[in-house]
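Protein chains in written order, with the numbering used here: chain C, 1 to 925; chain L, 1 to 205; chain D, 1 to 171.
Keep in mind that the hints were calculated from the coordinates and are not lab data.
We put the CB at the ideal spot given by N, CA and C, even for glycine.
Do not rely on the hints blindly, as some may be mistaken.
Stated by the list, open to error - In silico contact screen, one side only, chain C against chain L (beta carbon under 10 angstroms); selected entries:
| id | residue |
| --- | --- |
| 1 | Arg-165 |
| 2 | Asp-170 |
| 3 | Leu-173 |
| 4 | Gly-177 |
| 5 | Asp-739 |
| 6 | Gln-850 |
| 7 | Gln-855 |
| 8 | Ser-862 |
Unchecked claim - If you want the footprint, here are the derived chain C segments under chain D, 3+ residues with CB under 8 angstroms:
| id | segment |
| --- | --- |
| 9 | 485–492 |
| 10 | 569–581 |
One-letter residues, chain by chain:
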Amino acid sequence: MRASRREFMTWVTASGISLSLSRLAAAQEPSFAARETLPGRNHWNPASGGLGRIDGSPKVTGAKLYASDFRAADMPGWPQTTSHALLVRAPDASRVYLGLDLARLDGPLKPTVVVTADDVTKANLTVPDFYAGDLFCPVGKTPLYLGQPLAMLIFDSFDAFDRARLAFRDGTLVQFGDETGPVEGENYGAFRFTRVAGPTPQSPDVYSPILAGWVSPGRMQHSPLPVWEPYARETSKPYGKAARYGEAIRAELTGTDPDLLVLDRRFETQSVDPMFLETESGLGWYDGRSRKLELVLGIQSPYEGAEAIATLLSKAKAAFKPKHIEADFAYMGGGFGGRDHTPFILYVTLAAIFFPGRPVRLAHDRFQQFQGGIKRHAFKMHTRIGISRKTGKITAFAADHVLDGGGLQNFSTNVATVAAAAAIGIYDIPKVDVTTVALHSRGVTAGSMRGYGTVQTMTALETLIDEAAAALPLDPIAFRRRNALAPDGRTMMGNRYTVSVRTLELLDKLEAHPIWTARAAEKARPKRDGIVVGTGVACVTKDYGTGADCSMGRIEIDPQGRISIACDQPEMGNGMGTALASRVAIHIGGLADEVALGQLDAFGALALVTSGNSYTMDQATQDAVEKNSRWVPAISSATAASNGAHVGTHAAAEAARVIFRFGLWPAALALWNIPATDHRAEQWAEARWQEGRLVFADLPPLSLPDLAAKAHAARLVTGAMTHCFSRWAFASATFPIQDKRYRAEADALAVRHGAGPFERVARVAVAFPPTSNNRIGTTFGAQCGTVVRVEIDRTSGAIRIAKAYSVVECGRALVPEVVRGQAQGGFAMGVGYTLLETLPLYEGGPGNGQWNLGQYVVARGSDLPLHDLEIELLPPVSADEPPKGIAEVVMIPVVPAILNAIFDATGHRFYSLPVTPTMLKGALA
Amino acid sequence: MTSSLRTRGLAAAAVLAVCLVRVDAAEPVPAGRLAPPQSFDAIADTHTRSAAIFTELGKVLTSPRCTNCHPAGDRPRQGDHSRPHQPPVFRGPDGFGTASMRCGSCHGAANFEPGRMPGHSDWHLAPRSMAWEGRSVAEICEQIKDPARNGQRKVEDLLHHIGQDTLVGWAWAPGYGRTPAPGTQAEAGALVAAWIASGAACPLK
Amino acid sequence: MTALVITINGRVHGPTEVRDDLTMNDFLREYLGMTGTKFGCGAAQCLSCAIIVDEPDGTSSTSPTCIVPAVSFNGKTIRTVEGHAKGDELSVLQKAFIHHFAFQCGYCTPGFLNEGQVLLERLARTPVARADVESTIAEALDGHLCRCTGYVKYHEAVRSVILAEPQRYLL
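This is chain C alone, in the form it adopts within the complex (with noise of 0.2 angstroms):
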């Protein structure tokens, strides 16, 4: 999937491209880099104090922050004229295309370039694995999926473009001919995770995951769906031995039991869009004579963007290939997942080499980002669950999962699995047997997006959790509780959590919540006519992390104490830049005035090489390629996965730790005079920051200035960076610093002295985390719940969330008011998703080109309890947990909670979502 080899900052393609994305030059304009570092040097810092971001003051000025904000004209060194591509997309997959109707685009109408298919054919592109697809849909073919592009078009001038647009419209400037059908399309991946626990807590699990392994069926026929059950007849033994475990605790779940509840029941989640609320756009300039290409872009995943950029065109002919590529990422107007490895960077890309000279733009309107943008997988599942009507416990779990991947693979393959890992939420169940298979459809292309396949199946769960407690009896809260996950339990791929567990703690709070004791009395006072009134509740986990995560953060410290901080990851709104920022100030007693994101080109120092792919890389690779002590499992990562605080500022911090024991600890000694043999030398871990100030044993209190200043005299560490890998567990490495054996968690580091170069700090022994642990599920968790109460108008059907409150337990929450309103912002969302967002997967859905917000509704104030939702952290455990990822628990809980609530309302359950204000009203008809 990758290449084999990478060198990162130094890197030059085999092809000759070099990527070095390096920050511009200062010029007339403000250059990017200045732009985009904040709040800036001498700029008031809304984030000192916990008074804001860091980001505040820029966004509420409407400074030029977000990659569409960007024109030629704002660039420096860069032509000023802008020009405007057109992507024309495909509003049909079941006809043949036959090309473009371009004569009625005469005049000044005219665009001066048109690409198509044949055209990357002519240049010979090379299309990333990932994004394996053509890139055109070539005249003579059916399109792959509705929505794929079919041409674009650039235009010399915005007027031109502004008018040729609307030409575009109504879609009959794009011809198809013959009806074909829609392109049929082998699946993208199908999984059977299966567990059986053995007799006692204790004892090694029977057969789980983890300890065969993933396994697929083998055996596809020639149908679209995978054949599950005849394993007789498979040939791949892993598989096989699943299967037989599989069909056993099946049979197990057929209902002849008496003593066994069985509910078998199938639930089925819509297709929806991230709308993140700045659509897709971006700016390239190929510079045809120097052959650099420049871009600005907004995406989530920086690195693997620019990888993919340099693959693309790494075989290209010589005028379309750049021998230098520079990629700058600006901030980016909403993510949710969305813009995690999308394919309209490519696009840009392509505006800029085919229009040699002139910067050009490529923007999504609304319209074209519903049609080509990443969507969510709509979900089909059948479940059955048994629980023991003598113990309450749950005894076994089966379920399977299908889902819609759209036009191409994307992440389905990933969704699927991680979905599909989440079968069973909080649960501790014996047997559990799931499979999953992503589908490939005509549907637009669905990836990652805010929830990742967990909100489908834990929605589908926690209202399957709901109507088997009122099955029993017994009441919800109660029936969860037996059957929580211990701390110490194993999840269904037979592993355990390596970070708290805090079910039963947040089941408490939200038993002793007002909303849920009043529950029985709200629905019995009399309401105004025809209001119906219910609770409902539910509580879930959710893996942060992906398996392979890695940051890189780099700190720097000024004679006069200020601190600046350059990280990989980049900003979408979930406070990525304040989260560092604060995270650093825990450990060198100030806030960061520079914070620079989805920087690539800060590392340099640290001269990083990998090789492999850490995903499915063996242990005799790892343990062969891991003694090049620059050699990391992989360079950076998306920001994605809820893995912003615990990833992503766990470079930085760890930067931050080795500039206060090798610079402002040793510049601290030094100000009180206590000599390195003094035992008090070695006590920095009890050292403490108050107010700025560091305070230690009955000693006067320095500053961070003075402690800076003197670190710079003293030429002790002034600057750190690291880069860190997580796989389930952080990496950790020695490294020789001072005449000390330094370990961090961290595999590689470089240091500044005073304020000379970094220089690189060859680690002398590393630790990853085996590889083995690529067949867990998650070992990282965190966990919501949520109760909601809703009111819904037996005449219309129309609903109302009157109240709601949602427990979130995020380890030490770096910045308490970014995890509330994350968690506000995820109720939201939650209820969006549950009552008002869907799009039509195929014909007349958003692949058409004429969806806007009119046609897709999402959650507006109106349909919120704006003064009734109450967001409750837990406290972390200890001083020093670490910070959890929560940008995606949040969302969770509210979708199944209302969905509980309005079975408590109406006493009718609804299988699949949305639920609109028509369904209710026949509810209750």
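Starting from the known structure of chain C, fit chains L and D onto it as the hints suggest.
Same frame as chain C, but now just chains L and D:
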């Protein structure tokens, strides 16, 4: 695909049957068109003829172009599917929106085609008493004749409102992405005139 | 084509020859490079593109820009997100947005800021009762879409400004 085609065929046949029964001697009229008043001449009974003419006019009155801004509640609808208006706007005290969300903030003096935005200088909601959404043609007919619910208009005033009012006239030139009301405003006006001349009778149901 | 003259944030722009079918949003973003005013949906459904229009009588209102021709603003006076701060001094509402962590990605912020500012100016002219504050804010902001925040902190921020000066905004 096959089944939906079949359904569509059935629906078309049903509509045709209704037209034939309803209009009696009139020629079937293609979708999107209005039958002229004289096509009802064959109906001998004046009352029945008048009611039939109103039923034909009903095609206009029940078009989304009319009902969207003659809503049952305080929130207009939009588009051919008559979805609730986004963003949520409400009639406000004067029918021109609330303090923060005035109709004229978005709806200019005329349609603005690049934005797919319909417009008229007088863009506003019909009063609550004139709600047509969800009502049958017969109900709208009774309502339209009732001075208490038609803004104290005489039936003759409807001739101007439907036949000449330029805001009503927008319904026949609604801009990109919206199906115009059937026929033309002049044809609708002619139906109103013929309906009044024939005694302004209402269909039974 | 029309020669457009418009006062933006106190500065006269133009005359500029513009097409009659050019949107105000494109005039601001593509012609003037003033990208503080956002483009969200192009259909007046999210209002991230809203600006403030100042009327000669001293009143103000918001207007979307994505579905309105630029020429309809000929001779008018408008304010955009770039015009709220006086030099480095942020407006009261801008500060409130920051202190309440009102936004996350910030893309809808210009629209909320303009709407909130117009609400404050309206309340200064016609105050409301304390009991009506929440519903007044809810009504004023409901046209604006935000996908990150759940709106709670925007409402809290606007309310904090109103409640901090009851003599100005409340009956």
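Results for each hint:
1. Of the supplied interface hints, the one on C:Arg-165 holds, with its beta-carbon coming within about 9 angstroms of a beta-carbon of chain L, less than 10 angstroms.
2. For the restraint placing C:Asp-170 at the interface with chain L, the shortest Cβ-Cβ distance is roughly 8 angstroms, inside the 10 angstroms limit, so the hint holds.
3. About 15 angstroms separates the beta-carbon of C:Leu-173 from the nearest beta-carbon of chain L, more than 10 angstroms, and the hint is not met.
4. Using the Cβ-Cβ criterion of 10 angstroms, the hint placing C:Gly-177 at the interface with chain L is not satisfied: the shortest such distance is roughly 17 angstroms.
5. Hint status for C:Asp-739 relative to chain L: violated, with the closest Cβ pair at about 66 angstroms, above 10 angstroms.
6. Given hint, C:Gln-850 at the interface with chain L, holds; its Cβ is 8 angstroms from that chain's nearest Cβ, closer than 10 angstroms.
7. This hint holds: C:Gln-855 has a C-beta 7 angstroms from the nearest C-beta of chain L, less than the 10 angstroms allowed.
8. A distance limit of 10 angstroms between C-beta atoms decides the matter here; for C:Ser-862 the minimum to chain L is near 6 angstroms, and the interface restraint holds.
9. Coverage of the segment 485–492 of chain C by chain D is violated in this model, with 0 residues showing a Cβ closer than 8 angstroms to a Cβ of that chain against a need of three.
10. With 4 residues having a Cβ less than 8 angstroms from any Cβ of chain D, the segment 569–581 of chain C passes the three-residue criterion, so the hint holds.
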